[in-house]
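The listed protein sequences correspond, in order, to chains U and Y. Residues 1 to 142 (this note's numbering) are what the first sequence spells out, left to right. Residues 1001 to 1129 (this note's numbering) are what the second sequence spells out, left to right.
Simulated from the structure, these hints should not be mistaken for lab results. You may find that some hints are simply not true.
Only some residues are given here: those of chain Y computed to face chain U with a beta carbon under 8 Å [what the hints assert, rightly or not]:
| hint | residue |
| --- | --- |
| 1 | H1028 |
| 2 | R1030 |
| 3 | A1042 |
| 4 | V1045 |
| 5 | I1046 |
| 6 | H1055 |
| 7 | Q1060 |
| 8 | L1073 |
| 9 | I1076 |
| 10 | S1078 |
| 11 | M1086 |
| 12 | A1121 |
| 13 | K1124 |
| 14 | L1125 |
Note that beta-carbon positions come from the ideal geometry of N, C-alpha and C, so glycine has one too.
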Amino acid sequence: MAELDAGSAAGPRRPRPLSPHLQIYKPMLTMMMSIVHRITGAALYFGMMLIAWWLIAAASGPNAYAYVEWFMSSLIGRLILFGYTWALLHHMFGGIRHLIWDTGHGLEPVEREMLTLATLVGSVSLTLILWVAGYLAMGGPR
Amino acid sequence: MSEPQMRTPMRRVRGLGAAHSGTAHFWHQRVTSVAGIPLSLALVVIIIGLLGRSHAAVVQILGSPLVAIIMLLFIINSAYHMWIGMQEIILDYVHEEKSKLLSLMANTFFVFVVGFVSAYAILKLSFGV
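With these hints in hand, go ahead and build the complete structure from the sequences.
This is the structure we're talking about:
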């Protein structure tokens, strides 16, 4: 650290420069999707409790499952499930993008913007398609 | 690092890093992410397909070999993937040594409990009474 502090010997100690953090930068799509990738990952981490609850309730018996079914059929439950499936698919598409980047491809300015936009469009449309298909297969909402 | 600086930079880099395990987790995260692609798609289809079904139907479907195996693979694969992922988040943001160790420990406990509860449920639906 001696060489870094050499300047302060001449006068009063100046505050050291801070590296810029997120709020300094202009928001960009790749940056936002990087943050969203981490947020969806963390959300899925805690969302696994929902899967565990759902599975253990099914294994416990009709009474325990009825409670899960009641919650998942409510508007808030359906929204959470919808959000969980979107988060999973978005994290999946984001992961595919990272796997492509890991090979050294798709890193040019236009390519990386297109890839990043594709993850967003892909996750939203696939989530909608699967839910619409699911509802159609079930014969409408129930 | 409190050790005397007799080691070469190469020696310090090997097997270290914030997690003290080098790049092994980086590669394992890639392996589990590739496995997670078909498993996640299957899980979303299974979840949507089971919505609104009776308990008896859900038990039958979740306990059937194909669905049960996919669910088990998803749970095991996701448990390892999310353990590495949360460890990476903790190492990025928690720098104080005691909180860091406690967070890492909590991460392991959480993943084991959630993973075992889910796996136990699937096995009980498959084999149990």
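Hints, verified against the model:
With 8 Å as the threshold, the beta carbon of H1028 of chain Y stays out of range of chain U, its nearest partner Cβ sitting at about 14 Å, so the hint is violated. For R1030 of chain Y, the interface hint holds, the least distance from its beta-carbon to any beta-carbon of chain U being 7 Å, beneath 8 Å. Against a cut-off of 8 Å between C-beta atoms, the interface hint on A1042 of chain Y is violated, since the closest Cβ of chain U lies about 11 Å away. A cut of 8 Å between beta carbons decides the hint on V1045 of chain Y: the least distance to chain U is about 7 Å, and the hint holds.
Restraint check, I1046 of chain Y versus chain U: the minimum CB separation of about 10 Å is more than 8 Å; hint violated. Interface restraint check for H1055 of chain Y: the shortest CB-CB distance to chain U comes to about 4 Å, inside 8 Å, so the restraint holds. Hint status for Q1060 of chain Y relative to chain U: violated, with the closest Cβ pair at about 10 Å, above 8 Å. Among the interface hints, the one on L1073 of chain Y is violated; its C-beta lies about 13 Å from the nearest C-beta in chain U, farther than the 8 Å criterion.
Look at I1076 of chain Y: its Cβ only gets to about 12 Å from chain U, farther than 8 Å, so that hint breaks. With 8 Å as the threshold, the beta carbon of S1078 of chain Y comes within range of chain U, its nearest partner Cβ sitting at about 7 Å, so the hint holds. Against a cut-off of 8 Å between C-beta atoms, the interface hint on M1086 of chain Y holds, since the closest Cβ of chain U lies about 6 Å away. Interface hint at A1121 of chain Y: satisfied, since its Cβ lies 4 Å from the closest Cβ of chain U, which is below the 8 Å cut-off.
For K1124 of chain Y, the interface hint holds, the least distance from its beta-carbon to any beta-carbon of chain U being 4 Å, beneath 8 Å. With a cut of 8 Å, the hint placing L1125 of chain Y at the interface with chain U holds, because the nearest CB-to-CB distance is about 5 Å.
When the structure is compared with the earlier hints, violations turn up for hints 1, 3, 5, 7, 8, 9 and for no others.
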